[in-house]
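Residues per chain, in single letters:
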Amino acid sequence: MRKVSTWELLFVPLFFLLIVYPIAAIVGNVTVEGMERTFADPIFWDAVKNTLITAFFAALLGVLLALGFGYFYIFHPGTLVYKIADFMNDFPIALPHTVAGLALLLAFGRKMFWFAGPTGLAFTLLAVALAMFFVSYPLAARTIAASADEIDMDLIAVARTLGDSPANAYRRVVIPVLGEAIFSAYVLSFARSLSEFAAVIMFGGNVPGMTQVLASYVFSKVEEGEIGMAVTASAFCILLSLLLVLTLRLRGKYYARNKGCI
Amino acid sequence: MLEIRDVYKSFGKQKVLNGVSLKVSPGELQVLIGLNGSGKTTLLKILTGLLEPDKGKVQIGGRDVTQLPPEERYIGYVPQHTALFSHLTVKENILYSLHHGRGSEETFHHMVDLLALEPYLGRKPGELSGGYRSRVALARALTSTPKAMLLDEPITEVDRAKKEHILPLFRSVLVEMNIPVLYITHDPWEAEQIGTSFSIMKDGNVTRINSPAEAFAIVREQALCDGE
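For the protein sequence lines, the chains are A and B, in the order given.
Residue numbering for the first sequence follows the numbering used here, starting at 1 and increasing by one per position.
Residue numbering for the second sequence follows the numbering used here, starting at 1 and increasing by one per position.
The hints are simulated quantities; they were obtained by calculation from the structure and are not laboratory data.
We put the beta carbon where it would ideally sit given N, CA and C, even for glycine.
All the pointers check out, no bait thrown in.
Mimicking BS3-like on lysine-lysine, the simulated pairs with C-alpha atoms at most 27 Å apart in a straight line are:
1) B:55 - B:45
2) B:23 - B:202
3) B:124 - A:253
4) A:83 - B:13
5) B:124 - B:163
6) A:83 - B:45
7) B:202 - B:57
8) B:13 - B:57
9) B:55 - B:13
To give an idea of the chain A side of the interface with chain B (calculated C-beta under 8 Å), a few residues:
10) 152
11) 154
12) 160
13) 162
14) 164
15) 165
Bound-form chain B, shown alone:
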């Protein structure tokens, strides 16, 4: 379980998170639709442990990790532009966490098979297309055997035609891992393709919704209210 309970965060007088609560169960792929300026980046930093909340708790796998640094949280993270280590090969990227005894050769081979990365293992990230870079970033995070996954618009570098192929692949791999997954996107179509549940982040709060369409109705409504 990935759980955030009543998390508050302010920077000076500016309140960014106003009591955010969120629950993601193992095997659940929750898509969080974050509006611009909604506090999404702050929430991400609090989840990964790069930022401490002013108040509230973060739990991963039943353990309170609020005060723990990122390296002790066992959370897999795939950021927007994949953040692959350009000086390492694809294989070295995926095996990165083994240095700390996380994951195994077996998990590595399993991920490589699932994401069809075998022909690219000796290449440097710069030699790959956007789609394959995302696959490597996902394989790298999952090989570390995390207790929860956080994906922040991981396939923004991929065009729509390739997304149609990658999203079902990502979904099946993530569901197979049977861990809680929080997936952030702006794209309603992408949300529909990958998510098993949905929520929206707005004005420093997260609300559960039934479908991505509902989130984008809220977005449109807000745009109208703002006079855009």
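Isolated chain A, as found in the complex:
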């Protein structure tokens, strides 16, 4: 019989107790009544719509900025801009997200644009998207940088001898080669955006039907004592997250298989 190591004895029960069990607790507490009431609530569907729209744009902005960082990573790694950007990439991870939300509120929550009112961008869907972006961008930047690190620099050298400027070589060679990493960066940013709560509440607010997202909907329902609805909305979030993780895994397998054929 195989000898069970201490690490296995430690890992298996703790993993199931602390990770799997809480998720199962949500799923196990979903009731038909809770589902009926939640799915009949137009505010819930507004929160779903708001979440998907803002996370879509937050992830898009995150990937665009991450590609900009990737450009510096490849072509200007010795510059001060790169060094600051590299350092700041880890900053939002270490920062409490309430602080991130307050920072955004102080920066953009005042009359500074002609189209914005006295509270600036705060408490709008744009604010929600910016808060999501702020906390999800580092994931995108790290994913792009990790893949850029593996690029054969001769590809860029050849492209440049064939007439490409650094920007052209980046657009015509590096970005297509980074295709898989860009997809992963987008999905990870999207997933991170879906789960953001603190920064969103601070900068975007929690106005039902306007700036409320799924995470804040769950919070509101718990506050109102509507546990059945909170549980249903949470289970919906779990389903969305599972779909994202599954997409990432299946895409990864498909890519590995196709790459293997070559």
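Start from chain A and add chain B according to the hints.
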């Protein structure tokens, strides 16, 4: 003419190139035998424009290109592992430089004929053998109508039997272009097959030699001195 004059390059206190000078005439196929750690990679980067020398000049086609970026040098480059663009087809790879108005459809067809690439134009590089990948890399560089060519061990992925077929083909194509060609290799047999002149790079310097055999005598001598 491809000319490097008194090029120096150091990284911190480490001197990598110690006054390298080298001349390759149009139609000449000079094989540079680079020993490990001799500064070959640094020289390549300086030639392609990816690195600036501390001192010295690089001239291509009579023009001083020392301060110019790679895209303004008009130098064709075939690296060790061909560096084909995997997301593009063979045809798109070869026509890559046309985007910048370099080369023409006519040159493209000529290269495709010379290197027998017609049946593979619609394929992706990953579907080709090492030998055909090298042919595509050569066709891509030559279609851009460069003023000089730089080949860095371009057929390392090819086995000996296929090399016997590819090397004369590469030689005839390169000689036909009538431009200076610098070809880097470690293999004396390969050097003999392709070169019209030879030089050796050692301790940050390049010296002209008469034959690849001479280069490898130097290599053996150094190995003995190093006690290997």
